[in-house]
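Asker: Using the sequences plus the hints, can you model the full thing?
Under the working numbering, the residue at position 314 of the sequence shown is numbered 320, and the numbers go up by one with no gaps.
Read the hints as simulated data drawn from the structure, not as lab findings. Owing to the predicted nature of the structure, the values given are computational and were not obtained by experimental measurement. Keep in mind that the hints are not guaranteed to be accurate.
What the hints assert, rightly or not - No farther apart than 16 Å at their CA atoms in a straight line, the calculated lysine to aspartate or glutamate pairs in the EDC-like style are these: (1) K305 / E53; (2) K298 / E321; (3) K21 / E183; (4) K444 / E377; (5) K165 / D25; (6) K21 / D227; (7) K20 / E172; (8) K105 / E272; (9) K305 / E315; (10) K435 / E357; (11) K97 / E269; (12) K20 / E269.
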Amino acid sequence: ITYSFCSDPNPNWKKYFADGAEVKTYLQRMCDKYGITQHVKTETTVESASWNQDTSMWEVKYHSKDGSAGTMCANVYVGAVGQLSNPKIPKIPGQDKFKGSACHTARFIKGLDFTGKNVVVMGTGATAMGICPEIQKVAEHLTIFQGTPQWYVDIPNHKKVVTDEEQWCMANVPFYERWYRFQTLRHIVDFYCDVLRAGSDANKALEADLIAYIKKKVNNDPELVKKMVPPHPPICTRMLVDNNWCTMMLENNVTLVKGRAKEITENTVLGPNGEVAPADIIIYATGFQSTKFCTASMKVIGKGGVALEDDWAPEPTAYLGMTRPNFPNFFMTYGPNTNVSSGGSIIWCAETAGRYIGQCCAAMVRDGWKEISVKGAVHDAYNKMITEELKWTAWDDHSCMSWYKSGATGKVTNNLPMGLEEFWSLTRKANMDDFDKK
7 ITYSFCSDPN PNWKKYFADG AEVKTYLQRM CDKYGITQHV KTETTVESAS WNQDTSMWEV
67 KYHSKDGSAG TMCANVYVGA VGQLSNPKIP KIPGQDKFKG SACHTARFIK GLDFTGKNVV
127 VMGTGATAMG ICPEIQKVAE HLTIFQGTPQ WYVDIPNHKK VVTDEEQWCM ANVPFYERWY
187 RFQTLRHIVD FYCDVLRAGS DANKALEADL IAYIKKKVNN DPELVKKMVP PHPPICTRML
247 VDNNWCTMML ENNVTLVKGR AKEITENTVL GPNGEVAPAD IIIYATGFQS TKFCTASMKV
307 IGKGGVALED DWAPEPTAYL GMTRPNFPNF FMTYGPNTNV SSGGSIIWCA ETAGRYIGQC
367 CAAMVRDGWK EISVKGAVHD AYNKMITEEL KWTAWDDHSC MSWYKSGATG KVTNNLPMGL
427 EEFWSLTRKA NMDDFDKK
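Answerer: Here it is, written out as structure tokens:
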């Protein structure tokens with residue numbers, strides 16, 4: 007239900023955790039309904055967006071799959087590529103020697119068949135937890151290289167089908183769908199607020215419960231417990247859903263290697279302690295260039311020819327996670343410190359950004375402004391507050407490595423250290439006094 011936009015509830019979800027195809031169908035329907043589809047250029051890559059001070063316009067260079075290229079001019083430019091779209095593949099000696107099939111999970115090879123194959127998966131994050139139990143069912147052998155062990159919980163309705171009775175209530179009982187959506191988000195937020203504080207009694211209690219859960223699921227196998235229980239507190243990495251991950255580890259055709267791959271040969275992957283894993287297929291479930299945000303996809307050049315990646319290096323920041331000084335008429339969705347890891351939905355995040363950016367654009371049209379640029383003092387004060395708020399969270403734990411942090415400094419650059427209601431109130435109505443205008 008939290009996959010729906012609040013303006014367009016969908017009472018017909020087949021599962022409580024909808025499959026990708028179902029989510030895609032819903033989003034396509036929204037694009038068609040609001041006239042977006044006809045304005046989309048598909049199979050097109052944006053290379054750069056550069057601010058033209060003379061025209062107060064953005065010049066967007068792109069190229070298409072058919073080889074054509076062009077430049078589009080726009081009053082406002084929005085980098086809406088998010089945090090988790092550009093693969094991060096580690097450089098491992100011997101990669102070029104591998105004779106089998108290899109791909110990142112976000113660039114999957116269509117039709118790739120795992121049946122009877124020796125499969126190596128690198129990574130143990132959310133994606134690996136989703137695909138490995140399915141691969142294990144058909145593979146000859148599955149070897150998983152674990153860089154960072156994860157915490158995960160059991161969710162009772164994970165993969166369960168929504169009953170006909172519940173669907174009927176969603177569609178016909180007044181406010182039932184609204185109540186269900188609210189209580190789901192509220193429960194998640196309440197849970198996270200209690201356990202998010204590093205070293206708190208709630209966090210320690212959660213850790214004890216999760217350790218007991220892992221031990222029970224793997225039949226107290228000492229080797230598996232040693233490999234699988236993380237050394238860092240819960241919440242500092244993304245909390246995952248146990249997708250039969252623990253029970254999968256007990257299967258005879260699964261090997262969990264503690265540590266990252268050291269070398270790749272024509273048909274094997276070597277581990278850090280002499281492990282040799284046979285490999286017909288290598289799957290990189292190694293995450294994304296999350297702390298680069300939109301600069302992982304394109305060059306963004308602001309006033310004075312300054313590139314965004316240089317302007318905010320090494321710790322990306324933005325006012326409300328959406329805009330920066332010296333980058334007029336430029337916004338981001340799912341930008342720095344907007345990841346709702348304290349509970350919530352990415353759909354909610356998109357709605358929040360869309361409303362705020364839309365209000366800024368409307369103000370430009372209404373009042374005849376050619377340029378708006380957030381004031382430096384406003385940006386700095388906001389991000390000083392964010393930095394202070396992050397210090398009490400488990401995300402900031404120095405023993406913890408996660409995609410939430412900048413690799414250069416270890417600062418948490420991705421997560422939002424406040425509740426959904428607070429951020430909603432900050433972005434509910436754009437305050438144009440926060441901007442220099444021209």
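Asker: Does each hint hold? Answer for all of them.
Answerer: Status of the hints after comparison with the structure:
1. This hinted pair checks out: K305 and E53 have alpha carbons roughly 6 Å apart, not beyond 16 Å.
2. At roughly 9 Å between alpha-carbon atoms, K298 and E321 fall within 16 Å of each other, so this suggested pair holds.
3. Distance restraint check for K21 and E183: the Cα-Cα separation of roughly 14 Å lies within the 16 Å cut-off, and the hinted pair is therefore satisfied.
4. Of the supplied pair hints, the one linking K444 and E377 holds, its CA atoms being roughly 5 Å apart against a limit of 16 Å.
5. Among the hinted pairs, K165 with D25 is consistent with the structure: their alpha-carbon atoms are about 9 Å apart, no more than 16 Å.
6. At roughly 33 Å between alpha-carbon atoms, K21 and D227 are farther apart than 16 Å, so this suggested pair is violated.
7. Simply put, K20 and E172 have alpha-carbon atoms about 10 Å apart, close enough for the 16 Å limit, and the pair holds.
8. For the given pair, K105 sits about 5 Å from E272 by alpha-carbon distance, which is consistent with the 16 Å threshold.
9. With a CA separation close to 8 Å, the supplied pair K305 and E315 stays within the 16 Å bound.
10. Of the supplied pair hints, the one linking K435 and E357 holds, its CA atoms being roughly 13 Å apart against a limit of 16 Å.
11. In summary, the hint linking K97 to E269 is supported, as the alpha carbons are separated by about 10 Å, within the 16 Å threshold.
12. Taking the CA atoms of K20 and E269, the gap is near 43 Å; set against the 16 Å cutoff, the hint is violated.
Going through the hint list in order, the structure does not satisfy hints 6, 12.
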